[in-house]
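Full structure from sequences and hints, please.
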Amino acid sequence: MSHTEPIREETREESRVERTRADYPSERRDEARDKFGGINTGACFFGWLVAMAVAILLTSILGALVAAIGSNADISQTEAQRSAGTVGLTAGIVLVVVLLLAYYTGGYVAGRMSRFDGAKQGLGVWLIGLVVTIVAVVAGAAFGSQYNILDRVSLPRIPIPTDQLTTGGIITAVVIVLGTLLLAMLGGKVGHRYHDRVDRAAYR
1 MSHTEPIREE TREESRVERT RADYPSERRD EARDKFGGIN TGACFFGWLV
51 AMAVAILLTS ILGALVAAIG SNADISQTEA QRSAGTVGLT AGIVLVVVLL
101 LAYYTGGYVA GRMSRFDGAK QGLGVWLIGL VVTIVAVVAG AAFGSQYNIL
151 DRVSLPRIPI PTDQLTTGGI ITAVVIVLGT LLLAMLGGKV GHRYHDRVDR
201 AAYR
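If you count by UniProt numbering, then the sequence shown holds residues 1 to 204, one letter each, in order.
What the hints contain is simulated information worked out from the structure, not anything from laboratory work. Keep in mind the model is a prediction, meaning the values are calculated, not measured. Each residue gets a CB set at the ideal place from its N, CA and C atoms; glycine is no exception. Possibly wrong hints are sitting among the right ones.
Each pair of labels, with its calculated beta carbon distance range [stated by the list, open to error]:
1. ILE93 to THR133: 16 to 26 Å
2. ILE134 to VAL198: 30 to 40 Å
3. ALA139 to GLY38: 27 to 37 Å
4. ALA142 to ARG197: 41 to 51 Å
5. ALA67 to THR41: 31 to 41 Å
6. ALA68 to GLY42: 34 to 44 Å
7. THR90 to ALA173: 17 to 27 Å
8. ALA67 to ARG193: 34 to 44 Å
9. LEU130 to GLY42: 14 to 24 Å
10. ARG197 to ILE171: 38 to 48 Å
In structure tokens:
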């Protein structure tokens with residue numbers, strides 16, 4: 001047997017070990033995704049809380065700025081304005097932007113907190129917001145306005161009349177629903193990029 005045979009055997013063994021090491025992290029990630037993937041309810045809930053906090057904070061800041069410049073625009077909206085379903089164009093645009101930023105931030109937080117599926121975490125944040133809104137509206141309609149939490153807390157939302165469906169109201173609702181959904185999912189994907197960078201660095 002020549003002296004090159006042991007060297008070739010050792011080289012083949014090292015190559016086999018390297019292939020095993022390369023395949024092992026991928027297999028482990030797939031197993032972890034199957035076990036821990038999907039919507040993380042806890043992360044989505046805290047993401048929704050952050051979204052509401054950001055919405056309240058931005059609304060308060062904008063309200064203070066409006067008061068400082070002496071404008072008549074009401075960003076937070078009074079109960080009378082909500083009931084009447086009236087809102088200025090500028091205030092309406094500002095409120096839509098606030099909601100979009102809030103849900104983007106909430107989706108980002110949920111995606112950053114979760115190991116997998118950032119977009120699904122953003123979807124979870126949006127679903128929690130939708131469920132809370134529906135429950136609050138139903139409770140207010142069934143038991144009285146004092147149980148409608150959304151009307152008792154100054155959360156930014158576009159006043160859509162419930163007594164009649166108008167073209168403007170439908171368009172506004174579609175913009176809010178689709179816009180917050182897309183921004184929440186986008187925020188989740190952006191927040192999850194941190195975990196992708198860690199994976200690339202660890203398994204390079």
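Checked hints:
1. ILE93 to THR133: 16 to 26 Å: About 21 Å separates the Cβ atoms of ILE93 and THR133, which means 16 to 26 Å holds.
2. ILE134 to VAL198: 30 to 40 Å: Check passed, 37 Å falls within 30 to 40 Å.
3. ALA139 to GLY38: 27 to 37 Å: holds (29 Å)
4. ALA142 to ARG197: 41 to 51 Å: The hinted range 41 to 51 Å holds for ALA142 and ARG197, with Cβ atoms some 48 Å apart.
5. ALA67 to THR41: 31 to 41 Å: holds (39 Å)
6. ALA68 to GLY42: 34 to 44 Å: Between ALA68 and GLY42, where Cβ atoms are some 39 Å apart, the hint holds.
7. THR90 to ALA173: 17 to 27 Å: Holds, since THR90 and ALA173 (Cβ atoms, about 19 Å apart) stay within the stated range.
8. ALA67 to ARG193: 34 to 44 Å: Given a distance of about 38 Å, which is inside 34 to 44 Å, the answer is holds.
9. LEU130 to GLY42: 14 to 24 Å: Holds: the Cβ-Cβ distance is about 18 Å, inside 14 to 24 Å.
10. ARG197 to ILE171: 38 to 48 Å: holds (39 Å)
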